[in-house]
Amino acid sequence: MGLADWIRSWPVYRQLTGRDRTGRGKAAQSGRSAALAARTTDADRVVGSVCPFCAVGCAQHVYVKDERVVQIEGNPDSPISRGRLCPKGSASKQLVTGPQRAERVLYRPPYGTEWQELDLDTAMDMVADRVLDARRKGWQDADEDGNRLRRTMGLASLGGATLDNEENYLIKKLFTALGAIQIENQARI
Amino acid sequence: MGSNMAEAHPVGFQWVMEAKARGAEVIHIDPRFTRTSALADLHVPLRAGTDIAFLGGVINHILEHDLDFREYVRAYTNAPYLVDERFQDTEDLDGLFSGYDSGTASYDNTTWQYESQTDSGEGGTRAKEQSRPDQLGSGGPGVEGGARKIAADPELKHPRCVFQILKRHFARYTPEAVEEICGVPAETFLRVCRAWTANSGRERTAALVYSVGWTQHTLGAQYIRAGSIIQLLLGNIGRPGGGVFALRGHASIQGSTDIPTLFNLLPGYLPMPDTSHEDLPSYLHKVRGDRQKGFWRNADAYLVSLLKEYWGEAATPENDFRFDYLPRINGDHGTYRTVLDMLDGKVFGYFLLGQNPAVGSAHGRLQRLGMSNLDWLVVRDLTMIESAEFWKDSPEIETGEIVPERCRTEVFFFPAAAHVEKAGTFTQTQRMLQWRDKAVEPRGDQRSELWFIYHLGRLLREKLAGSADERDRPLLDLAWDYELEGEDEPSAEDVLRRINGIDLRTGKEVDGYLDLRADGTTVCGCWIYSGVFADGVNQAARREPHDEQGPYENEWGWTWPLNRRVLYNRASADLDGRPWSERKALVWWDAERGEWTGHDVPDFEKNKPPDYRPADDAVGPAALSGDDPFVMQADGKGWLFAPNGVVDGPLPTHYEPHESPVRNRLYAQQGNPARKVFGRAENPSNPSPPERGGEVFPYVFTTARLTEHHTAGGMSRQLPYLSELQPELFMEVSPRLAAERGLTHLGWAHVITSRTAVDARVFVTDRMRPLRLEGREVHQVWMPYHWGHTGLVDGDVVNDLIGVVLDPNVFIQETKVATCDVRPGRRPRGPALLDYVAGYRQRAGVTPETGTRIDTVTRHDTAHLEEDR
Numbered sequence: 001m002g003l004a005d006w007i008r009s010w011p012v013y014r015q016l017t018g019r020d021r022t023g024r025g026k027a028a029q030s031g032r033s034a035a036l037a038a039r040t041t042d043a044d045r046v047v048g049s050v051c052p053f054c055a056v057g058c059a060q061h062v063y064v065k066d067e068r069v070v071q072i073e074g075n076p077d078s079p080i081s082r083g084r085l086c087p088k089g090s091a092s093k094q095l096v097t098g099p100q101r102a103e104r105v106l107y108r109p110p111y112g113t114e115w116q117e118l119d120l121d122t123a124m125d126m127v128a129d130r131v132l133d134a135r136r137k138g139w140q141d142a143d144e145d146g147n148r149l150r151r152t153m154g155l156a157s158l159g160g161a162t163l164d165n166e167e168n169y170l171i172k173k174l175f176t177a178l179g180a181i182q183i184e185n186q187a188r189i
Numbered sequence: 001m002g003s004n005m006a007e008a009h010p011v012g013f014q015w016v017m018e019a020k021a022r023g024a025e026v027i028h029i030d031p032r033f034t035r036t037s038a039l040a041d042l043h044v045p046l047r048a049g050t051d052i053a054f055l056g057g058v059i060n061h062i063l064e065h066d067l068d069f070r071e072y073v074r075a076y077t078n079a080p081y082l083v084d085e086r087f088q089d090t091e092d093l094d095g096l097f098s099g100y101d102s103g104t105a106s107y108d109n110t111t112w113q114y115e116s117q118t119d120s121g122e123g124g125t126r127a128k129e130q131s132r133p134d135q136l137g138s139g140g141p142g143v144e145g146g147a148r149k150i151a152a153d154p155e156l157k158h159p160r161c162v163f164q165i166l167k168r169h170f171a172r173y174t175p176e177a178v179e180e181i182c183g184v185p186a187e188t189f190l191r192v193c194r195a196w197t198a199n200s201g202r203e204r205t206a207a208l209v210y211s212v213g214w215t216q217h218t219l220g221a222q223y224i225r226a227g228s229i230i231q232l233l234l235g236n237i238g239r240p241g242g243g244v245f246a247l248r249g250h251a252s253i254q255g256s257t258d259i260p261t262l263f264n265l266l267p268g269y270l271p272m273p274d275t276s277h278e279d280l281p282s283y284l285h286k287v288r289g290d291r292q293k294g295f296w297r298n299a300d301a302y303l304v305s306l307l308k309e310y311w312g313e314a315a316t317p318e319n320d321f322r323f324d325y326l327p328r329i330n331g332d333h334g335t336y337r338t339v340l341d342m343l344d345g346k347v348f349g350y351f352l353l354g355q356n357p358a359v360g361s362a363h364g365r366l367q368r369l370g371m372s373n374l375d376w377l378v379v380r381d382l383t384m385i386e387s388a389e390f391w392k393d394s395p396e397i398e399t400g401e402i403v404p405e406r407c408r409t410e411v412f413f414f415p416a417a418a419h420v421e422k423a424g425t426f427t428q429t430q431r432m433l434q435w436r437d438k439a440v441e442p443r444g445d446q447r448s449e450l451w452f453i454y455h456l457g458r459l460l461r462e463k464l465a466g467s468a469d470e471r472d473r474p475l476l477d478l479a480w481d482y483e484l485e486g487e488d489e490p491s492a493e494d495v496l497r498r499i500n501g502i503d504l505r506t507g508k509e510v511d512g513y514l515d516l517r518a519d520g521t522t523v524c525g526c527w528i529y530s531g532v533f534a535d536g537v538n539q540a541a542r543r544e545p546h547d548e549q550g551p552y553e554n555e556w557g558w559t560w561p562l563n564r565r566v567l568y569n570r571a572s573a574d575l576d577g578r579p580w581s582e583r584k585a586l587v588w589w590d591a592e593r594g595e596w597t598g599h600d601v602p603d604f605e606k607n608k609p610p611d612y613r614p615a616d617d618a619v620g621p622a623a624l625s626g627d628d629p630f631v632m633q634a635d636g637k638g639w640l641f642a643p644n645g646v647v648d649g650p651l652p653t654h655y656e657p658h659e660s661p662v663r664n665r666l667y668a669q670q671g672n673p674a675r676k677v678f679g680r681a682e683n684p685s686n687p688s689p690p691e692r693g694g695e696v697f698p699y700v701f702t703t704a705r706l707t708e709h710h711t712a713g714g715m716s717r718q719l720p721y722l723s724e725l726q727p728e729l730f731m732e733v734s735p736r737l738a739a740e741r742g743l744t745h746l747g748w749a750h751v752i753t754s755r756t757a758v759d760a761r762v763f764v765t766d767r768m769r770p771l772r773l774e775g776r777e778v779h780q781v782w783m784p785y786h787w788g789h790t791g792l793v794d795g796d797v798v799n800d801l802i803g804v805v806l807d808p809n810v811f812i813q814e815t816k817v818a819t820c821d822v823r824p825g826r827r828p829r830g831p832a833l834l835d836y837v838a839g840y841r842q843r844a845g846v847t848p849e850t851g852t853r854i855d856t857v858t859r860h861d862t863a864h865l866e867e868d869r
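As they're listed, the protein sequences go chains L and Y. Take 1 as the starting number for the first sequence in the working numbering and just add one per residue. Take 1 as the starting number for the second sequence in the working numbering and just add one per residue.
Hints listed in this document are in silico derivations from the structure and should not be mistaken for laboratory results. These numbers come from a predicted model, not from an experiment. Glycine included, C-beta positions come from ideal geometry on N, C-alpha and C. There's no promise every hint is true.
With a straight-line cut-off of 27 Å between C-alpha atoms, the simulated DSS-like cross-links for lysine-lysine are [claimed, not checked]:
{"id": "1", "chain 1": "Y", "residue 1": "K20", "chain 2": "Y", "residue 2": "K584"}
{"id": "2", "chain 1": "L", "residue 1": "K137", "chain 2": "Y", "residue 2": "K463"}
{"id": "3", "chain 1": "Y", "residue 1": "K584", "chain 2": "Y", "residue 2": "K606"}
{"id": "4", "chain 1": "Y", "residue 1": "K346", "chain 2": "L", "residue 2": "K137"}
If you want a taste of the chain L side facing chain Y, the calculated C-beta under 10 Å gives, among others [unchecked claim]:
{"id": "5", "residue": "D42"}
{"id": "6", "residue": "R82"}
{"id": "7", "residue": "A91"}
{"id": "8", "residue": "D145"}
Make the full structure from the sequences, and use the hints.
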């Protein structure tokens, strides 16, 4: 940096010669601040999404860099939200990238006092076996008057309001084919 | 009313503020003064659980002063229709309607029918036990007769016409009655009446907003009926700026109702078959009228297309499209029934898919004890939640009711993919589907529900391959061939295509439900979503900026049905098809082109002129007249009076909450005569008049949510930002109640019901205002309910205070009002807590029978106990 540049970098010089005469804007900006860029500017891509909290349905822009979510902001194009997000929606990045996110399957055996780790495929296989067992134990072919029931009362499912329509569709379809009827979600509360 | 929109739906509330800036008057009617109240022109505090008394007062005011929109009411509602001469009102029976049976606490609604109808009543125990009204969501209940005239008096003078019945029914809901029941001064009440009626009619419309403050009551469905009656009387339905807005609380809770993970429904509000449906024809005969009007008449096309999507080539006309593969319901299989069955050892396995009942459902203790009595539990969530750790870290561990070494439940915890890690649609609160693209891949074992369910189904089918057991056929014949993306992720877009529907003759997506057929040549997973893939395009993924399109922004997302933004918008035009006023133009009849047109997609047959009159023998859509705007209703009209479809009365009636400090001022009948109670020792009720002992729980208790937390906290109490903003559970009480009980601001206190005691910091505030009722002061206590024992911030589970008692129409619990006591200091810990609460029950004389003697008119001495089942 030459002498002239050095002088021009002084905040007081910039305040006296630039447009920011009160020294509360650009003139007071440090070199470090000037070099900072928003996480959104060098994202590899911006993906259209929707806030996962309440049912207003605010549109989100998800900024991705190196296959990581680096920022989530409101999408101003939305006729619903016009770019706004509430405190929960604004915390979405923390929701999806925070250390609270579980990454591994956990298993608690009967009478166990601690969680254990379990391989995903093994867990899926164990759950499938247990579904068939509970289904069998709770199976009902007909009621006392001989009316067809063709169902199981042995297993139940709860949840769906936080999930996608496509997911709810498969949940209802699979459980119905299994004969399970006690399928419920948050809409009942 | 019953909504704290500014805090629970803050971004949606910007539109209320926009309207206010443009001159709209905003009124907030709610027990507590909130940020919504602060931004309203008027806040009206009322006693929790008395909204129908208030709304009934408004209806009475409208009718007494002839303030209804008469042209609209006469032409578009069922006001002129005559009702069966055997019908008896609550005026005649001291709070009951005709057809009540004390023994089953349910109604036979035969006498509620239109005069010209015969034998189409459908009430009784079965209707109540299966949440039948909930199954009529999009179709409405049957009214036979097709296009034939229903006996009516267009002058609205006949003593048995709906209009006159309405007038008589609400005559005793005077401003004085409102004042004494709700605690709202008559002058304040009349100010609301004046504002509401002055802003309705030909030139103006008023909108009504509610949330769970209305639904979570033993008569929640009737709260909404009461609001709808006002909006129909004032001509505020199907018109711009009008309507009844349900603000829902989860990203896709509307979607999970439309495509239901609910026991009594199939997609598109088709009822789940029950034991009375032997085959497809008998099912269709019962779910729709053979000779009814409107689009529900086509339910055969909707159901057959669904069965074709479920069972593909195995579903043929010869085998009734495999209707026999559907399991049958025959009673209440709702979530609370299931939890009680868990306690009784009748349920072996349980999936929790993004729901946390240990905190979020009423009576958390029942939920946790139920889970501790299972063979196995599968929990899928983003983070560890209370429901997955009940065996390790629940209040029952502290009291000794659950001991890990003696708890047999096997628990699997699967980490779930978040909303940015999977593609798919949410349906938001105004029925709009919005597509999300996938931003990044999930990590480790994190998977979408789509992946989990698809692969669970695949494994189950592999394990059962070759089975000769007839019960396995539905699973083995299932069409489970969705496209996969990447390694093994099912394609959400392919699922959505099949939800939209495909014409099997061409292999192309159908453009809407009008294209569906009952002969097996179309598949469609959810008929009301048909059109979301019209023209082969994912319409839910449209993101045309709002400032680059018309005022109804029809090119952003996709709203069911057929992208209509305002339901029943034919009612925005007069009988001749002209807008009621230029200011309020939405859709209208273009005589030159012979079609309906306007700013929104018309909710009417496009080329049916306003003066169209069907032939007498017409049925289905063809039977709709040119002035029948309510095209899904079996008579084409908006229902002021509900002859069918509501199990606890054809008209809303003020009943006290299940737990109330006062006797019903209007009738001998105290509470909802058809409410669902579960009388058993684990689910005690606080006594209410005429029972004795209520003074032990003298205060009204109500709960709500905060902006900074989300429902049961699984998505917020783990986040540092949100936890810092709302770090601790608290209760709000008025300064007078604080003085009465010796509570200190920011000190500790605990709330007690017959279920448990919960402690929290005290917030003494004028936001809670004592109400004067019958010459005495009634206090209300408020708490948010988001806390539990997992997360960065923890606190007692407020829902543990609430018992299980349900609305009989939809089986939603009364979480918004109960009675309680409040005392300074912390609650007892460990086993001492059980003794402490037992002491309260003893002092109040609480037994399993308390609150279960429902009929207080005839004093028919039936206690509705679980043991009797």
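Hints violated by the structure (numbers, ascending): The structure breaks only hint 5.
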